[in-house]
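Okay, here's what each chain looks like letter by letter:
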Amino acid sequence: MLSRRAPSQELAPAAGFRAPGARPTFDELYDAHVEFLWRNARRLGVGDDAVDDVLQQVFLVVHRRLPELSMTGSEKAWLFGVLLRVVRDHRRSLRRKSPHRFFGATDPETLADERGRQPDESFARAEAAALVQSWLDALDDDKREVFILAELEQLTAREIGEATGTNPSTVSSRLRAARLAFEAAAARHRKSEGRHT
Amino acid sequence: MSHEGLSPETEELLRRAGLGDERMPVLHRRRLKGAVLARLAFASATVSAPTAWAALSLAAKAVVGVAGIAIVGTLGAGSYLALRPARHLAPHVVASPPRAAPVGPVVEAPPTVVEASVVEPPPVGKARARHVERHAALAHPSTLAAETALLRDADRALRAGDTATALARLDEDAARFPNGALAPERAGERLVVLCEVGAADARAVAQFLAARAGSPLAARVRRACAPKP
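Each protein sequence line maps, in turn, to chains A and B. So the first sequence is numbered by my numbering: it starts at 1 and just counts up by one. So the second sequence is numbered by my numbering: it starts at 198 and just counts up by one.
Fair warning: there could be bad hints in the mix.
Going by beta-carbon spacing under 7 Å, a handful of chain B positions derived as facing chain A [unchecked claim]:
| # | residue |
| --- | --- |
| 1 | Leu203 |
| 2 | Thr207 |
| 3 | Ala214 |
| 4 | Gly215 |
| 5 | Arg226 |
| 6 | Ala232 |
| 7 | Val233 |
| 8 | Arg400 |
| 9 | Ser412 |
None of these hints come from the bench; they were simulated from the model. No residue lacks a Cβ here, since even glycine has one placed at the ideal position from N, Cα and C.
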């Protein structure tokens, strides 16, 4: 098992005091998951200049739809589903305004946490983060969403299906295709590195 | 979920990239929450009753106090879509007399009709300048309260039938806080005013509704701009 599990739940003190089965309040959801949503908005290609706008919209929707949150499902999956819909609307809006604009202007160097690292370590991480982000950007939207949830957020197939509104077999086939595309990009990169060394 | 399919080298690269380790700055989290709460409060104030504006003002002040900073500048270019119809607004429409005496605080007469230059969205390609402006605005802790006050005045004037004053307050807000936290609310309020006087640009209304589908703001614009029987 990989140890890349996303740490957002570590920042959820409020959720820790919630009675089992109790519906979370808006504040609890915000505090527990804003970082998860922020991180994934950027991974989904939302540019730094638009990420706050997208997140505000997400939380307005969350506030309105909180009564619909299923107590038996995954909060993360539900929130990611809301994020996906807002991000798709955002993409459509960008395409209408600037059809030729490249979607996503996230600075890859800001993707990895750099606190307490040595300069060479920071550089290596920033370089790796930039590569990963560029390969994510190259994936189709459907594949990228599934890949992020499975490989970076470690959600289960059922949770991913819940978040993306698809059935588990579609999740599996998209994940398989995404992994192949990602591996192909990684192989191209390794080959190119080999040529330069 | 099976992890078959990624090679050990790629797994290692993902680990090295540390994409699960990103931390959202605490200040950023607070600022964002403040903006969300302000917008929720605005939606509640305009949908329920004018008296709710008092609560919004308090909320704005409280948010500023908690965050220790102004809640501004968190919106993207999409917020400007609905400002466009003002360019097509005929002066005689803007200058139409009030239908009833205004309620609430006395507001000054608008100095001019809507000026295109005041409400003109920043040109495309000025994103960087907006970014700088947003961060510069963080130095002013009373920004959100001032924005709230201007929008409250505009809403009160609209409810009193004084559309000219409402537009003037919205222009003032746009000029002072072009990238303010309540920019979408300002855009929605402007469309409501323009629809009230029959001067809204249908394309701008459609763009706004498409960009904000499902929000309380969109519902309000939809109601105001629906064809009158």
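Comparing the hints with the structure gives:
1. Checking B:Leu203 against chain A by beta carbon gives a least distance of about 6 Å; that is within 7 Å, so the hint holds.
2. At about 5 Å, the closest approach between the beta carbon of B:Thr207 and any beta carbon in chain A falls short of 7 Å, and the interface hint on this residue holds.
3. Here the hint on B:Ala214 is kept, as its CB sits about 4 Å from the closest CB of chain A, short of 7 Å.
4. Hint status for B:Gly215 relative to chain A: holds, with the closest Cβ pair at about 4 Å, below 7 Å.
5. Restraint check, B:Arg226 versus chain A: the minimum CB separation of about 6 Å is within 7 Å; hint holds.
6. Evaluation of the B:Ala232 hint against chain A yields a held restraint, the C-beta minimum of about 6 Å falling below 7 Å.
7. A cut of 7 Å between beta carbons decides the hint on B:Val233: the least distance to chain A is about 4 Å, and the hint holds.
8. Contact between B:Arg400 and chain A, as hinted, is not supported at the beta carbon level, the nearest pair being about 11 Å apart and thus beyond 7 Å.
9. Taken as an interface hint, B:Ser412 checks out: its beta carbon lies about 6 Å from the nearest beta carbon of chain A, inside 7 Å.
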